[in-house]
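Start from the sequences, fold in the hints, and give me the full structure.
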Amino acid sequence: MPNLTLSIGGRPLKIQCSDHNVERVKEIGQTISKLIDDEKKENVPFLTSALIAYLKSMEDILRKEKILQDSLNQKLFYESRIQELQNENQNLKSDIEQIFQKLNQQLSIE
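If you use this note's numbering, the sequence shown corresponds to residues 1 to 110, in order.
Hints may be right or wrong, so weigh each one.
To be verified - Cross-link-like lysine-lysine pairs, in silico, DSS-like; alpha carbons within 25 Å at most:
(1) Lys56 / Lys34
(2) Lys26 / Lys41
(3) Lys40 / Lys14
(4) Lys40 / Lys26
(5) Lys66 / Lys56
(6) Lys26 / Lys14
(7) Lys14 / Lys34
(8) Lys64 / Lys75
(9) Lys56 / Lys40
Since the hints were derived computationally from the structure, they do not count as laboratory data.
In structure tokens, the structure reads:
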């Protein structure tokens, strides 16, 4: 996996990419660098605004995913607990039936 050092916005940036993506990564780096240069010349933060919007969007997505994951974990916990209680209930019913059978046997013997 090649390590590329690209100059983006006048700053060196080390990037790893697969062998077949080297030229594409260089093109993207040049495009981003040009956008940064245009931002500086025109004093309008195109790229910065786009990156901030993207990061906020990703933050919202990650927050929603965390909420969903927490909800799923809670649901799985409760389902597991319900199953445990149902098993315990079944065991108690079985124990009670055995106790009644023994009582009936003892009563019929007497």
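Output the numbers, in ascending order, of every earlier hint that fails for this structure. none
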